[in-house]
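**Q** If you're matching them up, the sequences are chains Z and F in order.
The numbering of the first sequence is this note's numbering, which starts it at 32 and goes up by one.
The numbering of the second sequence is this note's numbering, which starts it at 13 and goes up by one.
Treat the hints as calculated values from the structure; they're not laboratory data.
Treat the hints with care, since some could be wrong.
[Said to hold, decoys possible] The calculated BS3-like cross-link candidates involving lysine-lysine, where the alpha carbons are at most 27 Å apart (straight line), are:
| id | chain 1 | residue 1 | chain 2 | residue 2 |
| --- | --- | --- | --- | --- |
| 1 | F | K38 | Z | K196 |
| 2 | Z | K140 | F | K38 |
| 3 | Z | K231 | Z | K196 |
| 4 | Z | K168 | Z | K140 |
[To be verified] A few chain F residues that don't get close to chain Z, going by computed Cβ distances all over 10 Å:
| id | residue |
| --- | --- |
| 5 | V61 |
| 6 | K64 |
| 7 | S78 |
| 8 | K88 |
Keep in mind it's a predicted model, so treat the numbers as computed, not measured.
Where a beta carbon is used, it is the ideal one built from N, C-alpha and C, also for glycine.
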Amino acid sequence: MDFLSQPTTLVVIAITTILIYNTWRKKKGSQKSKGAEPPEPSGALPLIGHLHLLGAQTPLARTFAALADKYGPIFQIRLGAYPALVICNQEAIKECFTTNDKVLASRPKSSHGVHLGYNFAGFGFAPYGTYWTKIRKLTMLELLSARRLQFLSHVYESEIDTLVKDLWLYLGGKTHVKVTISEWLERFTFNIIIKMIAGKRYMHIFGKLFVMFSSKSVPKLTCW
Amino acid sequence: MLVNRYFSYLEDVDDAEAHGVVKLIKEFMHISGEFVPSDLIPVLGWFGVHGKVLKSMKRIAKDLDSLVGGWVEEHKNSDPLRNKSLEKHDFIDVMLSVIQDDPLSGHDRDTIIKANVTVNLLSPLLDSANL
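The following block holds chain Z by itself, in its conformation from the complex (with noise of 0.2 Å):
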């Protein structure tokens, strides 16, 4: 087994392999597809597809609307070793998420859902089936329907209560402080979130800032 160790031959093994790999997915794909075929944009690369086109700078919305100019409005990339639809127009979505909505309905498996999904148990990352259906079932009826959320009003409640009595109290009097506002409703956010399903609250200020605050620096508040 000598020669295995030379880098060239294998080398040669791996291209050779690819290669083979490449011809069996076409074989495979073409003996499964019925029916037209939709347009495929060239340039689709051995194992990993188009997907080199669409880690470039452009961000991936222009990318695809250049396909479609060039392809029209539904055709077919490449991710990986897997083929994706991409659609953009209305009659499409109409096709894929009406009519055709069951042949759709599941999703690819992916490392997701068996690491943070416990081996697809959450529905988020479950294939469509029986299972699928009767866990969002359950959540639609018990965990999000109008009844529970009115019983859970106060927790949202209280959180409207905090955060208004806290900014009040973050301009400590002043007319002009500049407040991130996208910061205080994230944690305004999260903390309605995990009340509602542990009924605990994490979220504060950092320590630091409070300490700040205090301290009568609060002009130095408006640079963070």
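Once you have looked at the hints, place chain F on chain Z.
**A** Frame of chain Z, contents of chain F only:
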């Protein structure tokens, strides 16, 4: 215990646990949007190349599991029917009362609850992150 106290956003809290939890949940949000190369290019997986994302995903999943598992255990022990009125039930209380083992899919009750707690964490937070 952080429940039933008035908390201010301006409160001087130097609570390492709370900061850790916030950091973990933010990391979880971030990693959920990252893509794992070996998902799209299976060949990489066959050669054992998984990359950094999958590694940190496994770590975050482990930490999150102990956090959420802790929440669920706490709720189990507190016996919601005696201590809380129906109005005060949070999502975990509700799930504990309605979810059963699901032998068909092979998931047990605790796993289903934990998984759906994490999913519920994720969806609204992603929306708010775009503010």
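**Q** All hints are to be evaluated individually against the structure, with a verdict given for each.
**A** Evaluated hints:
For the suggested pair K38(F) and K196(Z), the alpha carbons sit about 26 Å apart, so the restraint of at most 27 Å is met. Restraint check for K140(Z) and K38(F): satisfied, since their Cα atoms lie roughly 23 Å apart, inside the 27 Å limit. Proximity of K231(Z) to K196(Z) is assessed by CA-CA distance (about 20 Å); at most 27 Å being required, the pair is judged to hold. Only pairs whose Cα atoms come within 27 Å are accepted, and K168(Z) paired with K140(Z) is accepted, the gap being roughly 22 Å.
Every C-beta of chain Z lies more than 10 Å from that of V61(F), the closest at about 12 Å, which supports listing it as non-interface. The claim that K64(F) is not at the interface with chain Z holds, since no C-beta of that chain comes within 10 Å of its own (minimum 12 Å). In this structure S78(F) is separated from chain Z by more than 10 Å, as the shortest Cβ-Cβ distance comes to about 13 Å. Non-interface call for K88(F) relative to chain Z: holds, since the shortest CB-CB distance, roughly 12 Å, exceeds 10 Å.
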